[in-house]
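Dock the two chains into a complex; use the hints.
Chains A and B are the protein sequences, given in the same order.
Read in our numbering, the first sequence has 135 at position 135, and its numbers run on one by one without any break.
Read in our numbering, the second sequence has 242 at position 242, and its numbers run on one by one without any break.
Treat the hints as calculated values from the structure; they're not laboratory data.
The beta carbon of each residue, even a glycine, is placed where N, CA and C say it ideally should be.
Heads up, some of the hints might be wrong.
Said to hold, decoys possible - Stretch-level coverage of chain A by chain B, calculated; a stretch enters the list once three of its residues show a Cβ under 8 Å from a Cβ in chain B: (1) 49-58; (2) 103-112; (3) 178-188.
What the hints assert, rightly or not - 20 Å max Cα-Cα, derived EDC-like pairs, lysine to aspartate or glutamate: (4) 126/A x 74/A; (5) 106/B x 175/A; (6) 130/A x 91/A; (7) 130/A x 175/A; (8) 106/B x 230/B; (9) 106/B x 167/A.
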Amino acid sequence: MVAAHDLGVHFLFDRQRRVVTPGTARLRRQGSEAWGLQNVTFAMKSGCGYALIGRSGSGKTTLLRLLASVLFPDAGSLEVRGRVASLLSTDAGLLAVLTGRENALHLGVLAGLSRPQSRAALEQVKERSKLGDYFERPVSSYSQGMRARLGLAVADEIDPQILLLDEVHEALDHEFRRVLEERAHEILAGGGIVVAAGHDHQMLSRLCERALWLEGGRLQAEGSIEEIRDAYLEATDRQERSGT
Amino acid sequence: METEIAPRGGKTASVGKARSHARASVDVLLALSQSDLRLRYGRGPGRILRWLFEPFALVGIYLVLVTVVLGRGGHAAGLNLATSVVPFQLVMLSVTNAMNSIDARKPIILNMSFRRTLIPLSSVCTECASFISSFFLIFFMMAIYQVAPTPSLLWLAVVLPVNLAVAAGFAYGMALFAVWFRELWSFGLSFVRMLFFIGPGLVPLSQTQGTANALLKLNPLTGIFEAYRDVFYYGRAPAAWELLYPLGFAVVLLGIFVPIYHREQRQFAKII
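In isolation and in its complexed conformation, chain B is listed as follows (with noise of 0.2 Å):
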């Protein structure tokens, strides 16, 4: 540990050290990230082909499945579902990662000291890299049902930082989760998949009524859910609550467990 005198100066000082802090956060986390991509991935130019095919691995033989197969009804089925899977992706991809991430880094846990408080955040940007590659997803059902982009997708900017931060809530919950019960982390798995099946992913909204459409609200993911249909499927801006709802759980969560897993994360090195 390195022992600073902190240099007079007020609030520009402090606001040059908050930055210079951010940055050396932010190298960390791409430090982090780029590391656990190259172990995914691995190198050489098969890994961009591994990158590109990997979400079809995940669930594009279940979109085949509903789309061609099963020959499900509605309107553009295929489509309603792959703006479901591909952000409840993320959420499962990143809580995955998050439950493994502290086993994963254990040579470097044991090893040296490090902002370990950044290693579920470094889960949810691996699989963001990844996650990005699932958009073709969308884009090839798209294609298939002949539903033209509209400018609606600029509020991707806005929908893909809500996302983001679900899973991260999400990603820091689960971390702990799996710290504290080893045993039950299938479990901990199957309650985070259970959320995709209590949401409408199988099923839009627009077609659910009365009291199962309200509970169904009450599920962080249905807004997101909803969200990406609105900017792929019905070409239109998302109402406020899908966005706001999913964002006001997601800071709860943060607020949360960040600060526990802050503290828990001083005793990693004893429990690996």
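The shape of chain A in the complex, shown without the other chains (with noise of 0.2 Å):
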């Protein structure tokens, strides 16, 4: 379940436009602050997909990176109950230099599972991954695809229940898609959430069923996908032509 509440997150900026923590704040002359995302408010039910739509720097990264307990509320309350899994770019936080063995005994314990449960996790990962020979090389010798093949092999380590996606299926091959999708809908039936930010509705739409349309940092509406995705194509072509 994952309920939120008047969410706002706000970055701070010193006088030359880089953002600063709060600490860094206290200690300069401030420059100035924006919200990145403010009072936004919902509840996500178990066994639902949720589509994030909006265009880029609506505030659907800053929203899945709150989710993840990457970023944390600066204003209103956020609450996420199950284990969560994020893959948050084709990166997936993968280090370049490591191999993908590497890397999926890392972050496996980074996700929250002992060694020895990590390191007996390696085979699996390696046979979901179908990374084959590439698997024992350095993740910088990947393809796009390839890094987020790993990387959700990897994120399905912890057996989510909730799972975050920022745009990283649309860098996936047609297989994997299929692999990913499959995988999305069987955290659905157990009961869990996809929550998948983008711009490829199409697909947005196999692994949702409701969607939330971020506007500016502020929750524009929220629907089920068709609903929303009419909506804010609508509003996005009727932009282009006043724009023009």
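This is the structure we're talking about:
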């Protein structure tokens, strides 16, 4: 279950427009601040997929980072119940110099597995990622799709109840998109939640029943994916026409 | 985030929880340090050689210069120097690693939640692994000056943790400095480097007098340098102040900076 009430994330900038922490802002003369998310309230039910729709910079990634506890709310409250696996970039937390195997061991432990558990899961990760011999090679030699495949296989190590995807699925080849979809539906069938952000609305429709439309860091609308997608595309068209 | 329902069972349950928390923290520390060491030394048989020769590459040439080329006077000048350079290297490299650590782990910090407060401590663990090989420098110098090892070497079991605690204290403080003042990064490093030169690094404390002697003792590294000298060179137990003062200093640093770092790490994904 995921519930957010009046959620807000703000960014502080110094006079050179660099993002700074509140600690730094206290030490220096503050430049300015901007809200990345503001007054966002929603509830996500178990067994349901949610698409985050909106333009670049609308707050989709910020919201996903909050759900992954990569970021923390500066305002409001957020409750996330369940094991969370996140793929928030095609890098998926992978360190380029390490091999697929070394990354899988490393990230498994960081995600909460013990070292023996993470070591025991390695062969499974290798099999799921379908990387073959590449699993023993440095990640720097991987294509984006291969990284995403490894990222997904590693994320799966903790048997997630909540899966967060940020445009990663868009880097995958067709075969692996199917694998991802199957896995996402398994999580949903087990009462989990899938939250996916991206611009491939067809893919999002296959993963999610519901959608949140974000605009300028605020929740514009929430509803079924078809309803929200159509409203968003219509608004985008309208804006483009008025802009030209 | 996983919301846990606290099991009933009072003290036993909380002890069990603390134990599993500590075990998980050790696993995370090992994972972070292992990946760090892999990045540094690579893989294959060559990594052992790289690990062995790195301290020589860093400070060995300096010792050779002082001992052989400059022919610096005083008794066992090279060994005296090695007993200050080696513990200082642990502090200095831990600080450098900690100041780089957030950028080095950017892909992970931006992708997932983990115990980020442990990052500077993992820097110390990484440098500790490479630090072990730098003891060869001291033993090399002992062989050159024909200084025989004594049972006082057992005091290393106390001196080393104090050295690690000081390295950890500085690592947390300087990691925060790197977050707050990124443009002053090199000044921060110079400040830590300066502590070597305003301590009895080049000249043992016994060769100083009066005000200089008293002022040098204020430097937390002075006690550590002198403790290493006691153990390796003089063959005696370190004086209590040589261990207690640096340890107290480390506790104060950790007491101040760990809670601040814990608060600031919540913002890391915004600033990298």
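Here is what the structure says about each hint:
A count of 0 residues in the region 49-58 of chain A with a Cβ less than 8 Å from any Cβ of chain B is obtained; the coverage claim is therefore unmet, three being the minimum. Restraint check on the region 103-112 of chain A versus chain B: 7 residues with Cβ-Cβ distances below 8 Å, three needed, restraint holds. A count of 0 residues in the region 178-188 of chain A with a Cβ less than 8 Å from any Cβ of chain B is obtained; the coverage claim is therefore unmet, three being the minimum. The suggested pairing of residue 126/A with residue 74/A is violated, with an alpha-carbon distance near 39 Å, which exceeds 20 Å.
Between residue 106/B and residue 175/A, the direct Cα distance comes to roughly 29 Å. Violation of the 20 Å bound is thereby established for this hinted pair. Between residue 130/A and residue 91/A the CA atoms are separated by roughly 17 Å; this keeps the pair inside 20 Å, and the hint holds. For the given pair, residue 130/A sits about 11 Å from residue 175/A by alpha-carbon distance, which is consistent with the 20 Å threshold. With a C-alpha separation of about 42 Å, the suggested pair residue 106/B and residue 230/B falls outside the 20 Å cut-off, and the hint is violated.
Restraint check: the Cα-Cα separation between residue 106/B and residue 167/A comes to about 18 Å, which is no more than 20 Å; the hinted pair holds.
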